[in-house]
Amino acid sequence: MTDYAGLLKALTEGGVEFILIGGMAAAFHGSIRSTADVDVVYRRTPENMQRLAGSLSRIHPSLRGAPPGLPFRFDVRTIQQGLNFTLSTDLGPVDLLGEVVGGGTYEALLPHTSIGNVVGVECRCVELDTLIHLKRAAGRPKDLEALAELEALREERQGR
Amino acid sequence: MTESDTTSERSSMDDVIDIYKRDVDRTLLREHLKMTVEQRFERFLALMKFLEELRAAGKSARTHQ
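These protein sequence lines map, in sequence, to chains A and B. 1 is the number of the first residue of the first sequence in our numbering; add one for each residue after it. 1001 is the number of the first residue of the second sequence in our numbering; add one for each residue after it.
Just chain A, with the same shape it has in the complex (with noise of 0.2 Å):
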């Protein structure tokens, strides 16, 4: 099972900036629904490339889905070369976003966040509102009854 708390735990003590978004955002907001993973939109600094790369070093990150035995080293060069990387880690899957549809860059989205405690973690959070306006830009069928919970939820806390 994922350690949702591990996972977030190596981001925020190794000081890297990140925004949760994803599924675990949802849950954030009062979402029901379960999530495998933990999807985060990282700042593109070069000093946060370089924390990130070393808070990940220590959980072993690999590709998802690649080949047993592909070589992989997850460094600075390489986030540098890459923008968005789908990585199993001894603590479970992690969706790493240099970019995300609908939402750009950690510096886009940063006036669209909150912080607060996600399993233990203090984090910093998408916002309801964006966190739908993401999935609809993302415009993936497996997103579509996900979105009618959370505009069901806005409605929900807006009395409707």
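No wet-lab data here; the hints were simulated from the structure.
Which bits of chain B does chain A cover? Going by a derived footprint, with three or more residues having C-beta under 8 Å, they are: (1) 1009–1018; (2) 1032–1042; (3) 1046–1057.
A quick note: this is a predicted structure, and the numbers were derived from the prediction, not measured. We treat Cβ as the ideally placed atom computed from N, Cα and C, and that holds for glycine.
Please build the complex by placing chain B on the supplied structure of chain A, with the hints as guidance.
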């Protein structure tokens, strides 16, 4: 960046979402919204643990068939 930036007109996506929305159990959502974030995540982790145990039980049952 708001939802209205990209969704000023209704699309076929809205129609599908509206159909799914009919089946959202709002009583569960209301119960969830009464909880603190910490309580919600306690429930989330319990659910994920339960699902993991259920998967393991199913796998075990299949291997013993």
